[in-house]
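Residue numbers (the numbering used here), protein chains in the order written: chain A, 1 to 286; chain B, 1 to 286; chain C, 1 to 286; chain D, 1 to 286.
Source of the hints: derived by calculation from the structure; they are not laboratory data. A virtual CB, placed ideally from N, CA and C, is assigned to each residue, including glycine. Some clues are possibly wrong.
[As the list claims (entries may be wrong)] Result set (DSBU-like, lysine-lysine): computed pairs, CA atoms no more than 35 Å apart in a straight line:
| # | chain 1 | residue 1 | chain 2 | residue 2 |
| --- | --- | --- | --- | --- |
| 1 | C | K263 | A | K67 |
| 2 | B | K122 | A | K206 |
| 3 | D | K263 | C | K45 |
| 4 | A | K263 | D | K263 |
| 5 | A | K122 | A | K199 |
| 6 | B | K205 | A | K135 |
| 7 | A | K205 | B | K122 |
| 8 | C | K67 | A | K264 |
| 9 | D | K264 | A | K135 |
| 10 | B | K122 | A | K45 |
| 11 | A | K67 | C | K67 |
[To be verified] Stretch by stretch, here's where chain D covers chain A in the computed footprint (C-beta under 8 Å, at least three residues):
| # | stretch |
| --- | --- |
| 12 | 214-224 |
| 13 | 240-247 |
| 14 | 252-260 |
[What the hints assert, rightly or not] Residues of chain C clear of chain A, computed beta-carbon distances all greater than 12 Å:
| # | residue |
| --- | --- |
| 15 | L115 |
| 16 | E231 |
| 17 | A247 |
Protein chains: 4
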Amino acid sequence: MLVVMQAHATEEQVRAVCQRIESLGLKAHPIPGAIRTAIGITGNKGAVDLGLLESLPGVIECIPVSKPYKLVSRDAKEEDSVLRIPTPGGDVIVGGNHVALVAGPCAVETEEQCLAIAQRVKKSGVKLFRGGAYKPRTSPYSFQGLGESGLKILSKVREKYGFGIVTEAIDNESLDLVEEYADVIQIGARNMQNFSLLKRAGRAKKPVLLKRGMSATLDEFLMAAEYILSEGNYKVMLCERGVRTFADHSRNTLDLAIVPAVKKRSHLPILVDPSRGSGWGGWAAR
Amino acid sequence: MLVVMQAHATEEQVRAVCQRIESLGLKAHPIPGAIRTAIGITGNKGAVDLGLLESLPGVIECIPVSKPYKLVSRDAKEEDSVLRIPTPGGDVIVGGNHVALVAGPCAVETEEQCLAIAQRVKKSGVKLFRGGAYKPRTSPYSFQGLGESGLKILSKVREKYGFGIVTEAIDNESLDLVEEYADVIQIGARNMQNFSLLKRAGRAKKPVLLKRGMSATLDEFLMAAEYILSEGNYKVMLCERGVRTFADHSRNTLDLAIVPAVKKRSHLPILVDPSRGSGWGGWAAR
Amino acid sequence: MLVVMQAHATEEQVRAVCQRIESLGLKAHPIPGAIRTAIGITGNKGAVDLGLLESLPGVIECIPVSKPYKLVSRDAKEEDSVLRIPTPGGDVIVGGNHVALVAGPCAVETEEQCLAIAQRVKKSGVKLFRGGAYKPRTSPYSFQGLGESGLKILSKVREKYGFGIVTEAIDNESLDLVEEYADVIQIGARNMQNFSLLKRAGRAKKPVLLKRGMSATLDEFLMAAEYILSEGNYKVMLCERGVRTFADHSRNTLDLAIVPAVKKRSHLPILVDPSRGSGWGGWAAR
Amino acid sequence: MLVVMQAHATEEQVRAVCQRIESLGLKAHPIPGAIRTAIGITGNKGAVDLGLLESLPGVIECIPVSKPYKLVSRDAKEEDSVLRIPTPGGDVIVGGNHVALVAGPCAVETEEQCLAIAQRVKKSGVKLFRGGAYKPRTSPYSFQGLGESGLKILSKVREKYGFGIVTEAIDNESLDLVEEYADVIQIGARNMQNFSLLKRAGRAKKPVLLKRGMSATLDEFLMAAEYILSEGNYKVMLCERGVRTFADHSRNTLDLAIVPAVKKRSHLPILVDPSRGSGWGGWAAR
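Next comes chain A alone, as it looks inside the complex (with noise of 0.2 Å):
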């Protein structure tokens, strides 16, 4: 259910209407637009009380949402979500006509390997710097990163260059972390789906960039992401990273059709991770 408030409603008119959806026992998501606001409702079993919200002052309409997903949808907000991390070198702007890049290492293993490549990332122009302090390993053999060593060195990399740092958390402890030493949460591709993880991330303070499951449908994408803004965490970036499939001459297939698909049903950003996609050793080039 989305109410749809006047072009020049105040923003007493739109607390009321959340106030009124909060003393129903429900959940209340300002969305504000370009235009007008969106107030998007959660946590109702069946219909809603139409009568009691449209005539609140304000209030154009109160209209159903017949997809899955709700706040991520365009019926939500019309425009793109244009996300705006401030980073020691100033805002990075993700989404829109904006073209933002990511890059760096795929573990960080030292500081000097680290600064070594920010020192390169930094020339090119990039401004959010990835590198993973919890790597989410098919062995428990494999090295599991360095944890909040890591993202202290990941801060440095931060200070020293000014980047904005994009690192994943893997689990609710994980994820307190590296809410406090990065910029960008990244919820990786294998967790997609661990709900739990979600919630929390829809918690946080900080944007969260979620991956595409390796065998993730559009709609289970969407609402994922879903998860978050439900929880009230509305700075999300979608990710397409390649999905399984039967090819086997690359470690996965990059469905860049997923790009329109998404920005025609969803206001969110998406990203492109191509180094899985490309190759079988490309993933460990980027």
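Using the hints, position chains B, C and D against chain A.
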């Protein structure tokens, strides 16, 4: 690396080898077999000095394990692992030539629902009852399970009918509770590569039922089990439940061929959950 | 479009309806059922003038068929199609509740090989013998089959043991010969959408065994069968043989769930060929 | 097996080697390169007596080819194959660093339709015009193409605008006509493993555009091309057009990573057809 003990090696000899392994800063995993015990070594970055181990009393030989999975492998244990699950109705045996059946509702909804289903399940001779108190749902707006009150309902079913209870944990918090209330901890398909949860399950005292991820390869499936064993919990049973394919006439495609493929490579038992692979509606009926 | 005849409609009435249909420039497909005959109409670009048909003696009603497949559909024939295949050893029945088994070598290599295998197959009670004289091979340098001399070997097996012979045709030329020598014409997975070959099979006088393509959906599979029926050959049996998925532990993934899905939508019999779906080597062993 | 000739080997020397090969009952495939000619040998069941060949004038060495594909391999020809297609508007070059564009309607429907589209295509600078006169359709009730009258319409487009014509053949009969009327013979995805048709295309005098099958692996794709080359037609261009995956937001998933994978292994040019991989409707718009 595996240390193979003589058929008549004593417990003290096994213990002495384990102590020597631990003194090298490594982890020892004694795996008792019908004929002899093998001791898996994990935690080694490179080669282990074999001389130190091969000269100990009771040791036949040290053999390197080339496969990515070690403890779950037939190399580590030649004969089938047979799990003995203590339940109020007596021990339930899973593995080897024993036929184990699990039945119950998708989600625990009410005490009445569970008791009614339990009565019928009991009549059919099934000894393990399943039902979700924590449900990983694609949508944040779907019923997420009753949580601990669901576990309490399952406890009543357990007491009344003597079942062993199998129920899913979705994060560390729910795993603590599932471990307390249930007899088998289920890790669902969406969490098959939630490595943080797998490690926690590896430290649990109860057996674990690990479901195959939606697009997990055989190696990834066995490696996920390896995570649990590597933390010390050897009571793991696997479960095939269908994989994601292009086929659109059923929710998932049941991959029965993985059963002999697992049996060839691993000593762990494997169950089959046909509910999703047999149609679109089947999953609701189990 | 289907014309449903009364239970006691006479053969002349059916014939008259067919003639009227043909006089409209359309094709009539009388499909006799246990209780009544339905007459499928194909060739119509748009709506057919029903009045012309519904008023004819013996007609109950004309019903439009909304599914893309018509003649293979349960709408056209409610009860299972049961094929009766004349063989030197008596009629073999395929479909309904009859269990039909097919066995034999992958390729016909020599007379000795075929006779030796046939002797064992005979003992097992199987009545349909298969073996390829024309082999569709991934490599142009692999053995392509013995061609007509292979068919002659199959003829000897047929005479000696009384089998019905099932063998693959790969183009119009081989289909001419297969139709002459064999009892069932097999269309392989790679040719499931070789529509030119399907049409030729539809004009054949022998029953057709149509294998599912490597990545064919249920609808595509039924539509391929529809090609054969639409040319006038209603003696079609389908065969599931595994589909292409990401799974790398077996050559293909056997999709058993398509069996009930086909049975729900179509009256045609469906067989299962487990050889490729049960491992990498299984296909050679059948 | 490949016979590598000296850089300055004469035509007579190449011819003599070919004759010697043929006299052994094998097939010789001289493959001229920028620097030297290699001669592929096919038809050998086992090892060839190299002494017979290595001692001939102009021969450097004989090397075995371990890959399943031989003539399409970079081993047989190190540099890119560049095809020169004669058209009324001059030669069109496909391969190497040349950018080749193909455009036109899905199906040839009327002369007016084709001429109208051709006018626009001409303006865009595209030199190869495509349009189907023979359409492989999932349903027998869909428009199957105009056949030879469609080819005649394409001929008029060819004469009027100077295009090279690319059009699909679906069986031996249509291939005879396509070879007569068109400049490039297209083999569609559904026929990529119609080996009988591939062999016929290998005996054609016109270049062949071979589309990747819906679920063809890289090796299967190259082997399908090998069929054509092994019959003597070396003018083959490949075409990626999207593969079948679980993704349901587009008709197929375009697998761009196959382009560098093909370029690494084969000297053949490869085109990309984005129409099916870019959405559900895109295919109709090209």
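To see whether the hints hold, each was checked on the structure:
no.	hint	verdict
1	K263(C) - K67(A)	32 Å, holds
2	K122(B) - K206(A)	50 Å, violated
3	K263(D) - K45(C)	46 Å, violated
4	K263(A) - K263(D)	32 Å, holds
5	K122(A) - K199(A)	33 Å, holds
6	K205(B) - K135(A)	26 Å, holds
7	K205(A) - K122(B)	50 Å, violated
8	K67(C) - K264(A)	30 Å, holds
9	K264(D) - K135(A)	32 Å, holds
10	K122(B) - K45(A)	34 Å, holds
11	K67(A) - K67(C)	26 Å, holds
12	214-224	holds (count 3)
13	240-247	holds (count 4)
14	252-260	holds (count 7)
15	L115	39 Å, holds
16	E231	32 Å, holds
17	A247	9 Å, violated
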